[in-house]
Amino acid sequence: MRLNEDSAAFEAFYRRHVDVVMRFVVRRVSDPHLAADLTADVFLAALDSAHTYVPGRGSQTAWLYGVARNVVSAQLRRSAREARAAGRIAGRRLMDDDDLVRMEERIDAERGMRGALEAMAGLPEGERAVLELVAIDQLTVSEAAAALGIRQVTARVRLHRARRALENVASPSARYVEGQA
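To get my numbering, take the position in the sequence shown, counting from 1, and add 7.
Hint data in this document are derived by calculation from the structure and do not stem from the laboratory.
Note that CB positions come from ideal geometry on N, CA and C, so glycine has one too.
Please note that the accuracy of each hint is not assured.
[Claimed, not checked] So the derived label-pair ranges between C-beta atoms look like this:
| hint | residue 1 | residue 2 | range |
| --- | --- | --- | --- |
| 1 | E18 | E111 | 22 to 30 angstroms |
| 2 | L83 | R168 | 18 to 26 angstroms |
| 3 | P62 | D103 | 37 to 45 angstroms |
| 4 | P62 | Y21 | 13 to 21 angstroms |
| 5 | D104 | V164 | 45 to 53 angstroms |
| 6 | D13 | A87 | 34 to 42 angstroms |
Please build the complete structure, drawing on both the sequences and the hints.
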């Protein structure tokens, strides 16, 4: 992709994917300012790493999910190390009241999915990552494998193991992830 060389191409790419990225982010964080910042960070990271996209390995959306997952994971690791919330959100852009209301509505709409993510918290990282991308973010197994940089068969095995592990959890969140609710 030549996003960093063509502003019109980047704008089209951004408009085509911003809602998908925003949904991905608000499922994982509950602060609207942080969600807005992370969404912007995902596109900055995508712009910086556009040269790494290989069309034969998956769709642009799958690749962007991989970028988004890395950005969100990095933020969560940073947050765990920081003692104060103000340090975690330094540099955020100011949002007006309408932006804040829209972001809070998105966060509320994804509250159930955050519950499903909590139910998956006990799974090993690799299994949880595949399950998140397939069950929650609605990627195909092939796209999830591409986003995680693993082989498709590895993704299928991890997905199977994750679903098996969740069968033993009797919470509503686990049934939702399995599609039984």
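(request) Against the earlier hints, flag every one the structure doesn't satisfy and list their numbers going up. (result) Hint check: nothing fails, all pass.
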